[in-house]
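First to last, the protein sequences are chains A and B.
Here the working numbering is used: position 224 in the first sequence is 599, and no number is missing along the way.
Here the working numbering is used: position 249 in the second sequence is 624, and no number is missing along the way.
Misleading hints may appear alongside valid ones.
Because identical chains cannot be distinguished in the list, a pair is counted as satisfied if it fits within a single copy or across any two copies.
Okay, derived cross-link-like pairs now, BS3-like style, lysine-lysine, Cα gap no bigger than 27 angstroms in a straight line [what the hints assert, rightly or not]:
1) Lys694 / Lys402
2) Lys525 / Lys562
3) Lys453 / Lys562
4) Lys418 / Lys454
5) Lys454 / Lys562
6) Lys693 / Lys402
Treat the hints as calculated values from the structure; they're not laboratory data.
Remember, it's a predicted structure, so these values are computed and weren't measured experimentally.
There are 2 protein chains.
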Amino acid sequence: MLLALDAMGGDNAPKETCAGAVMACGKFPDLEIALVGDTEEVKPLVENAPASVRTRLHLVHAEEKITMDEPPAVAVRKKRHSSLRIAMQMVRSGEAVGCVSAGSTGAIVAGGVLVVGRIPGIERPGLGVPLPAVDRISMLIDIGATVRCKPMNLYQFALMGDVYMRKIIGVENPSIGLLSNGQEEVKGDELIIETREYFRKGKLNFIGNVEGGGIPFGVADVVVCEGLTGNILLKFIEGTGEALYSLVRDEINRRFLPKVGMLFMLPMLKDLWTRFNYEEIGGTPLLGVNGAVIKAHGRSRARAVCGALGVARGFVSKKGVETIAEELSEGVRTE
Amino acid sequence: MLLALDAMGGDNAPKETCAGAVMACGKFPDLEIALVGDTEEVKPLVENAPASVRTRLHLVHAEEKITMDEPPAVAVRKKRHSSLRIAMQMVRSGEAVGCVSAGSTGAIVAGGVLVVGRIPGIERPGLGVPLPAVDRISMLIDIGATVRCKPMNLYQFALMGDVYMRKIIGVENPSIGLLSNGQEEVKGDELIIETREYFRKGKLNFIGNVEGGGIPFGVADVVVCEGLTGNILLKFIEGTGEALYSLVRDEINRRFLPKVGMLFMLPMLKDLWTRFNYEEIGGTPLLGVNGAVIKAHGRSRARAVCGALGVARGFVSKKGVETIAEELSEGVRTE
Chain A
376 MLLALDAMGG
386 DNAPKETCAG
396 AVMACGKFPD
406 LEIALVGDTE
416 EVKPLVENAP
426 ASVRTRLHLV
436 HAEEKITMDE
446 PPAVAVRKKR
456 HSSLRIAMQM
466 VRSGEAVGCV
476 SAGSTGAIVA
486 GGVLVVGRIP
496 GIERPGLGVP
506 LPAVDRISML
516 IDIGATVRCK
526 PMNLYQFALM
536 GDVYMRKIIG
546 VENPSIGLLS
556 NGQEEVKGDE
566 LIIETREYFR
576 KGKLNFIGNV
586 EGGGIPFGVA
596 DVVVCEGLTG
606 NILLKFIEGT
616 GEALYSLVRD
626 EINRRFLPKV
636 GMLFMLPMLK
646 DLWTRFNYEE
656 IGGTPLLGVN
666 GAVIKAHGRS
676 RARAVCGALG
686 VARGFVSKKG
696 VETIAEELSE
706 GVRTE
Chain B
376 MLLALDAMGG
386 DNAPKETCAG
396 AVMACGKFPD
406 LEIALVGDTE
416 EVKPLVENAP
426 ASVRTRLHLV
436 HAEEKITMDE
446 PPAVAVRKKR
456 HSSLRIAMQM
466 VRSGEAVGCV
476 SAGSTGAIVA
486 GGVLVVGRIP
496 GIERPGLGVP
506 LPAVDRISML
516 IDIGATVRCK
526 PMNLYQFALM
536 GDVYMRKIIG
546 VENPSIGLLS
556 NGQEEVKGDE
566 LIIETREYFR
576 KGKLNFIGNV
586 EGGGIPFGVA
596 DVVVCEGLTG
606 NILLKFIEGT
616 GEALYSLVRD
626 EINRRFLPKV
636 GMLFMLPMLK
646 DLWTRFNYEE
656 IGGTPLLGVN
666 GAVIKAHGRS
676 RARAVCGALG
686 VARGFVSKKG
696 VETIAEELSE
706 GVRTE
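Given these sequences and hints, build the entire structure.
Dropping the structure here:
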């Protein structure tokens with residue numbers, strides 16, 4: 376299986392993207408990776424990889440790269456030789472079965488729509504992130520692909536999230552919640568009220584409005600919202616994790632007793648960390664585009680890039696794109 | 376100082392609201408409270424209060440109450456004898472200097488606008504909640520008064536948040552951030568981009584777009600957003616606290632070593648808890664209405680009701696409403 380990796384995308388590229396590619400090839404013996412980027416920069420980063428891995432890493436030269444501060448749609452259109460665009464063209468042409476990038480969300484979405492193209496019938500793509508909740512993995516969609524949405528967009532996110540949870544994660548009849556400011560039917564704005572109409576007519580396992588407080592408890596398998604809300608929420612989650620970590624660290628450094636206590640708690644904290652470590656889960660699929668496009672976090676290091684490549688591999692082998700396209704055309708879960 | 380308390384509002388009313396009133400009168404010797412509600416229910420709940428407190432608790436009968444599942448604006452209009460409406464009428468008439476309710480947000484907002492009335496020039500009220508961040512208190516406004524906003528609404532929330540932070544919390548030249556899906560100017564939707572125009576012309580200490588990840592770090596003294604987003608975020612914060620608590624409790628019950636560790640960590644955890652305990656902070660002011668209207672959390676127990684009464688007392692003694700009205704009419708921080 377050949378995946379294209381945007382070697383130049385992300386805050387720690389190309390060093391960590393390349394290290395992640397080496398790690399992933401070590402982990403998955405069936406994986407080949409096209410490292411798309413400035414060959415001069417990329418080559419020295421992988422030449423010391425074990426021979427069994429090195430033979431499965433292919434260098435694809437890209438003269439340009441897209442940075443975080445460019446207007447994404449413009450950058451994707453203009454920079455025809457950018458690493459992101461070339462990686463996506465490999466998906467479009469069938470050369471690669473999927474691609475991974477830790478670059479700007481906007482550029483990945485624009486590239487997904489412009490280069491890879493949408494699945495027929497899908498109006499706007501959605502980025503879904505699997506969030507660890509108390510007793511399950513809950514998918515939050517959209518987290519930034521479509522900033523403001525129409526009711527149809529939200530409903531299609533739900534359709535795609537449903538397929539993803541069933542086929543990729545293996546959840547039977549996933550419950551779908553619409554993120555709102557209250558569970559009651561009267562809550563929400565026009566967008567939310569009109570979206571409920573779509574659910575009423577459709578065949579999804581829609582459980583109604585859900586509130587922000589339900590997310591950490593896994594109130595629904597798929598939680599649907601506009602990209603603006605999802606993005607703010609996801610970044611808030613990341614920020615809270617960092618803030619809590621720094622607070623507890625400072626407190627522990629200031630006192631003696633908690634240091635002792637910490638030693639006793641380490642095994643538990645390690646377990647919880649593994650369960651909730653966002654990086655381990657890795658990438659988020661851009662659902663609705665006609666190819667496997669996986670976005671890794673902009674701050675990804677090797678481990679997270681490897682995780683995202685793993686997500687791409689799973690999405691491809693479980694035929695994620697084909698299933699969404701098939702079910703949409705057959706109307707399996709629509710009216 | 377006489378405050379009106381909606382004794383029937385909230386999940387734990389009237390038992391906990393009355394207990395909170397007794398607590399607050401014990402804490403603040405200058406406070407008198409009108410307990411608005413079903414006198415038959417309320418009376419037995421306060422008759423055992425110490426005499427010094429009991430003399431400052433006044434029973435005001437209300438035949439009706441507004442429940443959580445009624446469409447709020449309709450309920451406020453129709454139930455003219457509801458405890459919430461009577462408490463607000465006492466503010467309107469000047470009989471009470473402010474009121475507190477743990478009832479439905481929608482009903483409090485509707486009552487604030489319909490009964491108490493808006494400050495001239497303010498189009499929509501905003502509920503601001505002081506959130507504890509790493510090194511400061513950061514105000515998030517709006518958390519549900521105005522579900523969807525126009526640019527003018529968001530700008531007015533910022534104006535009111537600025538006054539609140541300066542006059543009530545005592546922050547000099549508060550920084551104002553606009554919650555968006557990225558810091559860059561190109562990020563956000565039309566609403567956010569148009570709101571930036573207002574800030575460009577105004578005199579507030581506007582620091583630009585802020586992201587969700589900045590909130591726990593106190594990226595700005597005032598973080599402005601639509602009510603829908605703010606509500607989802609606030610409830611998510613509460614839910615995460617509860618989920619973490621239950622996870623850690625379960626883990627600790629399952630293992631022996633962490634139990635020992637916990638003993639060592641208790642003093643630290645208690646300190647952190649006090650610093651971040653939302654209930655201790657208590658109520659949130661409904662800014663933009665022409666009277667001190669404080670909303671307590673729907674799940675409030677006595678301690679939180681007492682906290683909200685304390686917030687109301689502070690807001691009244693620091694002339695919160697008058698200052699907002701004055702500064703708006705004089706254009707102190709506007710163009």
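Cross-check of the supplied hints:
Taking the shortest Cα distances, lysine 694 and lysine 402 sit within 27 angstroms of each other inside one copy (21 angstroms), while across copies they are farther apart (65 angstroms). When the C-alpha separation of lysine 525 and lysine 562 is checked against a cutoff of 27 angstroms, the pair qualifies both within a copy, at 17 angstroms, and between copies, at 19 angstroms. Taking the shortest Cα distances, lysine 453 and lysine 562 sit within 27 angstroms of each other only across copies (19 angstroms), while inside one copy they are farther apart (43 angstroms). For the homomeric pair lysine 418 and lysine 454, the shortest alpha-carbon distance inside one copy (22 angstroms) is at most 27 angstroms, but the shortest distance between copies (75 angstroms) is not.
Taking the shortest Cα distances, lysine 454 and lysine 562 sit within 27 angstroms of each other only across copies (20 angstroms), while inside one copy they are farther apart (44 angstroms). In the homo-oligomer, the alpha carbons of lysine 693 and lysine 402 lie at most 27 angstroms apart inside one protomer (18 angstroms), although the nearest pairing across protomers, at 63 angstroms, exceeds that limit.
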